[in-house]
Structure formats: C-alpha cells, structure tokens
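Engineer: Each chain is listed here by its residues.
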Amino acid sequence: MDQLIPSQQSPAVNPNRLRQLQALGILCGFGAGAWLGAAEAPTKLVNVGISPVVVSLLMVAGVFLARWSVPALVRGTGQIGWDFRQAPHLVVWGVLAGCLWAVANTLTIFAIRDVGLSIAFPLWNMNSLIGIFWGVTLFNELRNAGARRWLSVLGGALLMFLGACLLAYASAAQTTPEHALRGIVAALAAGVLWGTMYVPYRKAYLTGMNPLSFVAFFTIGELVTMIILAVSYGGGASPLLRELVMAKEVLFWLLLGGFVWVIGDVFQQYAAKYVGISRGIPLSNTNQLWGLAWGILVFGELRGRGLSLYAQVIGGSLLMAAGAGAIAFSSVTGKEHGSWHEAAHREGRRYGVSAEYVQAGLAGEDSNRKIAGANSRSWLDWSIVAIATAVFVGLAAVSRIPDIAVNWAAVALLSAILAAFLIACGAALWKATRFS
Amino acid sequence: MREPSVSGRWQSLTLTVLRDVHFWIPVAVLLGGLAVLRWIS
Numbered sequence: 001m002d003q004l005i006p007s008q009q010s011p012a013v014n015p016n017r018l019r020q021l022q023a024l025g026i027l028c029g030f031g032a033g034a035w036l037g038a039a040e041a042p043t044k045l046v047n048v049g050i051s052p053v054v055v056s057l058l059m060v061a062g063v064f065l066a067r068w069s070v071p072a073l074v075r076g077t078g079q080i081g082w083d084f085r086q087a088p089h090l091v092v093w094g095v096l097a098g099c100l101w102a103v104a105n106t107l108t109i110f111a112i113r114d115v116g117l118s119i120a121f122p123l124w125n126m127n128s129l130i131g132i133f134w135g136v137t138l139f140n141e142l143r144n145a146g147a148r149r150w151l152s153v154l155g156g157a158l159l160m161f162l163g164a165c166l167l168a169y170a171s172a173a174q175t176t177p178e179h180a181l182r183g184i185v186a187a188l189a190a191g192v193l194w195g196t197m198y199v200p201y202r203k204a205y206l207t208g209m210n211p212l213s214f215v216a217f218f219t220i221g222e223l224v225t226m227i228i229l230a231v232s233y234g235g236g237a238s239p240l241l242r243e244l245v246m247a248k249e250v251l252f253w254l255l256l257g258g259f260v261w262v263i264g265d266v267f268q269q270y271a272a273k274y275v276g277i278s279r280g281i282p283l284s285n286t287n288q289l290w291g292l293a294w295g296i297l298v299f300g301e302l303r304g305r306g307l308s309l310y311a312q313v314i315g316g317s318l319l320m321a322a323g324a325g326a327i328a329f330s331s332v333t334g335k336e337h338g339s340w341h342e343a344a345h346r347e348g349r350r351y352g353v354s355a356e357y358v359q360a361g362l363a364g365e366d367s368n369r370k371i372a373g374a375n376s377r378s379w380l381d382w383s384i385v386a387i388a389t390a391v392f393v394g395l396a397a398v399s400r401i402p403d404i405a406v407n408w409a410a411v412a413l414l415s416a417i418l419a420a421f422l423i424a425c426g427a428a429l430w431k432a433t434r435f436s
Numbered sequence: 001m002r003e004p005s006v007s008g009r010w011q012s013l014t015l016t017v018l019r020d021v022h023f024w025i026p027v028a029v030l031l032g033g034l035a036v037l038r039w040i041s
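Taken in order, these protein sequences are the chains called A and B. At position 299 of the first sequence the residue is numbered 299 (this note's numbering), and the sequence of numbers has no breaks. At position 25 of the second sequence the residue is numbered 25 (this note's numbering), and the sequence of numbers has no breaks.
Bear in mind the hints are in silico, worked out from the structure with no lab data behind them. Here the structure is a predicted model, which is why all the values come from computation and not from measurement. Treat the hints loosely; a few may be bogus.
Here's a subset of chain B near chain A, in silico, CB distances under 8 angstroms, partners left out [stated by the list, open to error]: (1) L13; (2) L15; (3) L30; (4) I40; (5) S41.
Backbone N, C-alpha and C fix where the C-beta goes; we use that ideal spot for every residue, glycine too.
Take the sequences, apply the hints, and build the full model.
Structural biologist: See the structure below:
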C-alpha cells in the first residue's frame, strides 16, 4: 500500500497554483450564495394549497433532473463512471449526505410552521459553525493556520450569524408561535444535520472525487428519502399522487426552483473542495442576503414598513457582508494546505485509493484526462440532457403564470447578476481546473 | 499476486466503511434527525 502514497516531503501543490485554487473557491462560494438565494424565487410564485412536504419533494425532483443532466452536459457520464471506479466507497458517502439533506429540509418546514422564519433561519444557519467544527476536528482544516486566520474565520462566521439573526428578524411575518419548543428543536436539528452533511462532502473532495460526480450519487439518497418522507406524511402513495396531479400548473416553477438551487449547490461543492468547509460553507450562507434581495426588490416584501425595519435589513446585510469578507481574506497558507494533504492521504491509505487520483484532486486536475485524453459525450449523456429538457418543456407548457405582482426591472437586474456569477464561476472553473 | 475478486473487494470496502468512525458520525446525526422528525410531526 505504501507505494500508493507519495512522500510527505514533496510539495502538495505549488504556491501559485494554491493561490489560484483559493481564489477560485472563494469566487465559487459567493456564486453559490447568489444562486442558492435565487432558488427561493420560483417557489414564491406558488400559492396553492399543496403541502410543504410535497413542495419540497417537487423541488427535489427538479434537483434530481439537474444533478444528472448538468454533469452529463459538462463532463459526460463516462467521467462519473471513472470516479466511481477510483473511489467506489464514496457512493455510500454521497447517498448518506443526500439522506441528511432531505431530513434537514423537511425539519425546516416544520420549524417555519412552529416558530416562523425569523427564529428558525438563524438557528439552522448555525450549520456553518458545525461545519467549521467538523472541518477542524476531522480534516485538519485551520491546522497550522495561525491565530489571525482562526480569528478571521471564526469571527467572520459569528458576524454572519449575527447578521442572519437581524435579517431574519426584519423579514419575519407576524406569526404567533404555538409550539415554540418543538420548532426550535426542529431548526437546531436541521442545522446539525446540514452542518454534518459537509463531513461526506469533505471526505469526497479530499479523496479526489469530482464534485459533479459526487452530486450525482448525493441526489439518489436525497430523492429516495424525500419520496419516503412525502409518502409517510401524505398518508400513502394515492393521496400523494392526487396532490401532484392537482398541482400540475405549478410543477414547473417548483422544478425550476430545484434547478436553480443545483447550480448554486454545484458552486458550493467546488468552494468546499478548494477552500474547505470551514470557509466555503459560511460564504455560501450569504444566500440569505440574496433571498431577501429577491423578496424585497422583486416581490415587494416589506413595502410600506417603517424606517427602522429598513435599518435592520441594511445593518444585517452589512454584518453578513463583513463576515463573508473576513472569511474570504483568510486564505489557506502553505502549512495549512500541508495538513489537508496529510488528511487526504490518510483517506487514500484507508480506502486504497491511488495516490495519483488523490493528488490530482488536491491540485484541481483531472487524473482521467491525463490518461484518457479529452472528455467526450456519449449517446447516454445526450439522452439524459434530452429527457431533462423534455420534462421541463412539457411542464412549462401546462404551467400557469401566477397572478402575482412582480417588479420585472428587478428580475432583470438580479438575473443579470446571476448570469454574471454563472459566467465568471464557470469560466474560472474551466480555465483553472476543467471542472475537476 | 492475485487480484482480489469483485465480491471480495466490495466486502473489504464495506468493512472499511463500517470501521471508519467518520461514517458513524453522520449516521448517528441522521438517526437523531429522524427521531426529532417523528417527535414533532
């Protein structure tokens, strides 16, 4: 087995390359925040009497389609097969992460019902603090990083948490919590589940797996768990099917929300890969800021409310931006990256993964490309893309444009920002790593 | 040296996953989450 492991004295990644990957991870973290926040917008268009669990299931169905079609289009399913052969144990981790996501998402629905968004959102947003804890204790993140970087990351995460509290308080609807304890426990449990979900993420990326392959396995656990939960809470398969048929006019919007969410999540995965979970996750938690921007600018939420409310929104946004800035500037040092390197090779040794594969992953390179040459798409890839497109087009054809006031100028502005992030992150990922 | 059979490789990988303490942390959290979900619903 020792021949699989390169010498620990050899430099993991050269300093210039490390800086390039760091910048890429930070850009992807901010891109993730913008796209994850925008994913809430299509769901705001849905105002019919379908249960929250079914809304969640439909979004996951959109997520499933996107999680297979986007990787098929960008890299081809052949690359997923290559990753599977190199590190087959990561399938288990991907499915497990998907199960964690589905249960956490369902818990948030109950938390919002019981205590309202204002209390629930900051509670589950502490997932970044849980992520930092696991990153430090299990994967050597922030080890040998120095006091200044520790302060930047922890202080930044705390600032973001305070900002999230202020924003959530400002955006709260007038609700009367009836089951406060139940709701608080649900929100805290969702935060712990989401924070722990990053353990499988980090495990996969330290071992060298490509994020686009990991999400394809992740979504199997996500969809299966969500179907089981929806059937359980909906009283069986027949009532669930009836509800889906009844909601056919809004299916498109929910699936679209899932699709937008996947773009954000893909950027979040690359951020976790290149800057670690202790930095990548707080950055992508800026999604709350973007969700609020869509709510206020596009849907006119908070219109006609007092100046103090706007002051809270601006104050909360500035706190979140300051926290994100502190984390973004606490770059990983060569010494800290050396600790990541040790953790990566520990994983490689444990599971018998080839050292070349692990090393290529750390350096943002594609080990398969070196061996097999350029990526190519097969008939299977084009079939997956065609099926996903047909589903979206078909549902769009039977969908109804909701009767809701929308500020189209704000939609255009925010969509342009999303497009700018998509182009910037996509181009940077292609240029630096060829989506590795 | 002979290559391990496919079933042998899977068996070995399964055992390695089950012996990895990192695996049991998310599993325990998932079970806890399901228990909370059962309690609140």
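Engineer: For every hint, state whether the structure bears it out.
Structural biologist: Consistency of the hints with the structure:
1. L13: holds, 5 angstroms
2. L15: violated, 11 angstroms
3. L30: holds, 6 angstroms
4. I40: holds, 5 angstroms
5. S41: The hint holds - S41 (chain B) has a Cβ within 8 angstroms of chain A, the shortest such distance being about 7 angstroms.
Of the numbered hints stated above, the single one contradicted by the structure is hint 2.
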